[in-house]
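Engineer: Take a look at the letters that make up each chain.
Protein chains: 2
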Amino acid sequence: MNHATKTSQLPTIDEIRAAVKRISPEAHRTPILSSSYFNERLGARLFFKCENFQKIGAFKIRGGLNAVRSLSEEEKSRGVVTHSSGNHAQAISLAGRICGVQVTIVMPNNAPQVKKNAVRDYGGQIVECEPNEPARIAAAEAISQDTGATLIHSYNDPRIIAGQGTTALELLEDLNETPDIVMTPVGGGGLLSGTGISVKALSPQTKVVGGEPEMADDAKRSLEAGRIIPVENPQTIADGLKMSLGTLTFAAIHKNVSQIITCSEQSIIDTMKLVWERMKIIIEPSSAVPLAALLEGNLDVRGKTVAIILSGGNVDLNKLPW
Amino acid sequence: MNHATKTSQLPTIDEIRAAVKRISPEAHRTPILSSSYFNERLGARLFFKCENFQKIGAFKIRGGLNAVRSLSEEEKSRGVVTHSSGNHAQAISLAGRICGVQVTIVMPNNAPQVKKNAVRDYGGQIVECEPNEPARIAAAEAISQDTGATLIHSYNDPRIIAGQGTTALELLEDLNETPDIVMTPVGGGGLLSGTGISVKALSPQTKVVGGEPEMADDAKRSLEAGRIIPVENPQTIADGLKMSLGTLTFAAIHKNVSQIITCSEQSIIDTMKLVWERMKIIIEPSSAVPLAALLEGNLDVRGKTVAIILSGGNVDLNKLPW
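Here the protein sequences come in this chain order: A and B.
1 is the number of the first residue of the first sequence in this note's numbering; add one for each residue after it.
1 is the number of the first residue of the second sequence in this note's numbering; add one for each residue after it.
These aren't lab readings, by the way, just hints derived from the structure by calculation.
Beta carbons are placed, not taken as given, at the ideal position from N, Cα and C, and that holds for glycine.
Each hint should be verified, as a subset may be incorrect.
Stated by the list, open to error - Label-pair restraints from in silico Cβ distances:
| hint | chain 1 | residue 1 | chain 2 | residue 2 | range |
| --- | --- | --- | --- | --- | --- |
| 1 | A | 177 | B | 247 | 46 to 52 Å |
| 2 | B | 26 | A | 177 | 19 to 25 Å |
| 3 | A | 321 | B | 302 | 37 to 43 Å |
As the list claims (entries may be wrong) - The calculated DMTMM-like cross-link candidates involving lysine to aspartate or glutamate, where the alpha carbons are at most 25 Å apart (straight line), are:
| hint | chain 1 | residue 1 | chain 2 | residue 2 |
| --- | --- | --- | --- | --- |
| 4 | B | 319 | A | 265 |
| 5 | A | 255 | A | 214 |
| 6 | B | 319 | B | 121 |
| 7 | A | 319 | B | 15 |
| 8 | B | 273 | A | 300 |
| 9 | B | 21 | B | 75 |
| 10 | B | 319 | A | 277 |
| 11 | B | 319 | A | 300 |
| 12 | A | 116 | B | 40 |
| 13 | B | 242 | A | 277 |
| 14 | B | 21 | B | 73 |
| 15 | B | 255 | B | 277 |
| 16 | A | 304 | B | 26 |
| 17 | A | 304 | A | 177 |
| 18 | B | 116 | A | 277 |
| 19 | A | 273 | B | 316 |
| 20 | A | 319 | B | 270 |
| 21 | A | 207 | A | 300 |
Given the sequences, and given the hints that come with them, work out the whole structure.
Structural biologist: So, in structure tokens, the structure goes:
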């Protein structure tokens, strides 16, 4: 399937507006914070959209709730299934509970107990599989085939992308100025894809830039090569950013994103700690990546207005990386 | 001096309104957050005024800026002096820098280097003394005598109390409902005193309640006894709450505060961690005290609307208490 075909499957801004209506009863309209410390360090005006304050502690509830609530009554009665060990698992589980839909989550058998508990607390049912990507996909597809449950991929799905796109929609509505640049972290690319669609529809002159760990820089390499170059088992502390782009997210990013900039593992840790110290907010490593790439000097933002989506704040406080 | 005399020295609501004008060019109007988790646990509607997001990471800049900016030009030319090893030291130092006033801070010679550095970064000059209360007071008074610098006590000063009172003024203006209860931590009592004056002027039916560590419960005992009962060298993790009430703050609390409730050291740590985990914001131990006392069940707030001032977020991330 070529890019044009995939592009036609991407959600439009109207579908993102419809997603706003679907998610707004439960999802928070998160605040935007600023920091004179980071403004001074970068010589720029930065605004941080705080999805760490979102329900479940991450933007993922937006896509999850939009996807589950988009289903027909008949589809809802058959349940949903997904594979994830991260924030998407909690998002779909909570969305299922809110919408009265049965949820099955395929998780690697070595997933941390705390993540399993979070899913179970929301009423999700866990099916364990071998800890590798093919096993996860196979298990989820088998469940979907057997039970008729709808498979909701964590990013390569137009309903998920539309839900994540609501973050930037709110950001642009709530900011009192037009940003020169909007940045998000990029893993599988759901957030960056939805952000690109919203930004290009509402503020075409604004550039959309992704931030990615050097150790998992498949999106950067894919965008530069003009084709998907997956990354295999990347080692990064930003555990939300280990996935490779999918066909849909590649098409969306190829169409709307100007550039992807990267940062080192040490920068991620240092920046995360600096945000905690200076802004008094808790962000997870993935959230620190765009700012870390700016602090490394990998994009000149002097004099610019830059809005950064802080994607989440789910961190084990007993295992901090410093 | 009796209570009536001291009460006449307390700032009025008009003086707190004047303080708003003095501090607003630099101090943040901090946001108010809520948490469905804590609402459900307590069966109440809680609102948190986030002074951890304030400049210098604590409400103390309000009092510091109000006090320094209140001085005459002649007084400003002679500088200011105070004794503090905590947030007040940074507040006066930054206020001095903003107003072009020379600042001397008396600090115990065992104060952590990070606190000394923070003062020096703002341009404050440090004079060291023996690490005890009489030595601090004597050193600061000697400097004031020698140089003509104005001594600004960290809480027992009407200008400081008026500045701290701006927090509750903003809180009541920004909340869309009338709280049944407003809570703050209490150490020396500057914040609780200013809060009481603002709340009783703007919303007389609202109760004002203090939260205090069991291990430093001088304010509770003083309020119950009707006279100041100081605490000596208390051992609590809430290092912002070790001071005893002063004559002015006792008079203010005696007049306007309904009750002081306490909590254990373990509750402070547990509550602090829970706020980090659930609200994704960083608060210091002192800030956790009112909520910790509620979670211990020491005041029945079921069905009530309770506003809590989170006083600050200055924590050494390398030395967490869990």
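Engineer: Confirm or reject each hint.
Structural biologist: To see whether the hints hold, each was checked on the structure:
no. : hint                        : result
1   : 177(A) x 247(B): 46 to 52 Å : holds (49 Å)
2   : 26(B) x 177(A): 19 to 25 Å  : holds (21 Å)
3   : 321(A) x 302(B): 37 to 43 Å : holds (40 Å)
4   : 319(B) x 265(A)             : holds (22 Å)
5   : 255(A) x 214(A)             : holds (22 Å)
6   : 319(B) x 121(B)             : holds (22 Å)
7   : 319(A) x 15(B)              : violated (47 Å)
8   : 273(B) x 300(A)             : violated (37 Å)
9   : 21(B) x 75(B)               : holds (20 Å)
10  : 319(B) x 277(A)             : holds (13 Å)
11  : 319(B) x 300(A)             : violated (35 Å)
12  : 116(A) x 40(B)              : holds (23 Å)
13  : 242(B) x 277(A)             : holds (23 Å)
14  : 21(B) x 73(B)               : holds (18 Å)
15  : 255(B) x 277(B)             : violated (37 Å)
16  : 304(A) x 26(B)              : holds (23 Å)
17  : 304(A) x 177(A)             : holds (11 Å)
18  : 116(B) x 277(A)             : holds (17 Å)
19  : 273(A) x 316(B)             : holds (11 Å)
20  : 319(A) x 270(B)             : holds (16 Å)
21  : 207(A) x 300(A)             : holds (13 Å)
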